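Since chain H is already given, all that's left is putting chain G on it; use the hints.
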Amino acid sequence: MDSDALIASLQQAVPGAHLERAASSDLHTTIYAGRDDVPAVARALRDGQDLQFAFLAEVTAVDFWPREPRFELVYLLVSIAHRQRVRIKVRLDGGDARVATVSGIWPAANWLEREVWDLFGIEFDGHPDPRRLLMPEDWEGYPLRKDYPVQIHMTPRATEPLQVTAEEFRENVERDRLTRR
Amino acid sequence: MTPELKTEVMTVNMGPQHPSTHGVLRLVLELDGETVLSAAPTIGYLHTGIEKTAEQKKWQQVIPLVERMDYLSAQSNSMAFCLSVERLLGLEVPERVRNIRVLIAELQRINSHLVWLGTHGMEVGAVSVMLYCFRERELLLNINELLAGFRLFPSYMRVGGLREDLPRGFHAAVRAFLDRFPPKLDEYEDLLTKNSIYLKRTQGVGVISKENAVAYSLVGPIARAAGVDYDVRKYFPYLGYESYDFAVPTRTAGDVYARYQVRVAEMRESVKICRQALDRIAPAGAYAVDDPRITPPPKDRVYTEMEALIQHFLIYSQGFTVPAGDAYVPVEGPRGEHGFTIVADGTNRPWRVKSRAPSLLACQALENMIVGGLIADVIAVIGSIDVVMGDVDR
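Taken in order, these protein sequences are the chains called H and G.
Residue 1 is where the first sequence starts when you use my numbering, and the numbers rise one by one after that.
Residue 1 is where the second sequence starts when you use my numbering, and the numbers rise one by one after that.
No lab work stands behind these hints: they were computed from the structure.
The structure displayed is predicted, hence computed values, not measured ones.
Careful: at least some of the hints might be erroneous.
Some residues of chain G that are not near chain H, with every Cβ distance over 10 Å (derived) [what the hints assert, rightly or not]:
#1 Pro16
#2 Arg68
#3 Ser84
#4 Pro94
#5 Phe150
#6 Arg180
#7 Asp190
#8 Lys200
#9 Val214
#10 Thr250
#11 Val264
#12 Arg280
#13 Lys299
#14 Val329
#15 Asn348
#16 Leu360
Computed cross-link-like contacts, BS3-like style, restricted to lysine-lysine with a CA-CA straight-line distance of at most 30 Å [what the hints assert, rightly or not]:
#17 G:Lys58 <-> G:Lys184
#18 G:Lys200 <-> G:Lys210
#19 G:Lys58 <-> H:Lys89
#20 G:Lys210 <-> H:Lys89
#21 G:Lys272 <-> G:Lys210
#22 H:Lys146 <-> G:Lys58
#23 H:Lys89 <-> G:Lys57
All residues carry an ideal CB built from backbone N, CA and C; glycine is no exception.
Excised from the complex, chain H in its bound form:
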């Protein structure tokens, strides 16, 4: 199936969806989809008889800061049955970077979406496990955003030991002993 037939078939499966064909330099048919259409389009791509994109190869994002809409979410899909590949792109505003999860449709999306949330700060509504994946859980900021500061020098942070005087220490022990009785 060529690109036009693919888009027509997809449009037929999801009549209300806003689909827009984009130029592609490789063997992926590239389609821009509206943010609210993502779950319906994903389901149609997986379940359509002439589509059968059962294999989610990649979910990633690109940050075009300072341009708006700032983010572009990219899904790469493979139809093993029809030997076809498609790239679905979704534009997201910087102020409202959220999209519905597709982890219910392709279980593989679970970690891929977590990685995008971790590194770009794009939220996936309905995600079963929205935690950071690669960075530590208490990390601040989203490292792959273009406005994330690089090559900065931070003073090392250390935890101060608990400072008590000898008297306070003895009082604490004494108080502890009294309450225990």
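Below, chain G alone, put in the same frame as chain H:
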């Protein structure tokens, strides 16, 4: 009166420093006796931000970086990166370069599978296999050294071709390896394929169904062992793979033993491809595109001609620009489909580089394979999915 048995679910931290978790994978296991009730893989201990670093580099400078992601298939990584960039540039590399790349990629696959077979064998108790596998791998590393002067990360690939022409003695070295290797592979099989201890440790262990393999986006030998015959070399051929005669081995059991069978059969197929590729490669000839924007001039011209000196200086100080756009060219690496999503903004540095990591998705599916099994089998399963933590965490 019999004393009441104490029943308690035990939580065990396996890794990140466990010797058989292949680097720094951490598993939080909940155990009921020896049975695994749940498993939560925790990753990120090796996250080095290579994708962010790559955004600060010029296009050619990214190659050493991406080679260090999946450190067992370095040349396969850099080849995937080059293919994506070349697609954006609209470059057509000479046929000789394509054949050399195929040869290098297949040698890299054998190399990676040998490390896998050795470490996996050792983990399930066959220590001698590791010694033999590393003996043959040494020959492959010697070929890398001959080729590029570096054994693990040769950085021999370049956007637009190769760094330099093949060294003298390359054909002889590769042919000597290809003649020596298949009998040695028979020896490894003698040690494992019908070894009843090995069979008991691997058959029916870590099973993943065909449906789940697709749903969890598993690729490469893991998927093919479960009956998914997806191989990028056959489905979306690149570098002229459609002109080579080779088979894609598949099994249907989906267990650890099937993965072993698939990988061993793949090594034999790779030897076949290598022989065909080697016959097609002339000892000397074009090793990069003839494009003065991208390929630096040979040194003897740099030292004698002003134009060549200017061209050399421009390429090494400014690099080249890549037209705005994005590209992803999938290749079949040792661990399955991988490739690089490249986004260019028309400058001499990438805007975004994203590696599709097959190991990351294999780690995600790990829970599916080990829950319900025994804790001793966890070791065999982790070994069988062949994760490289550098690829998982990047």
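Fill in: Violating hint indices (sorted, rising)
3, 9, 14, 16, 17
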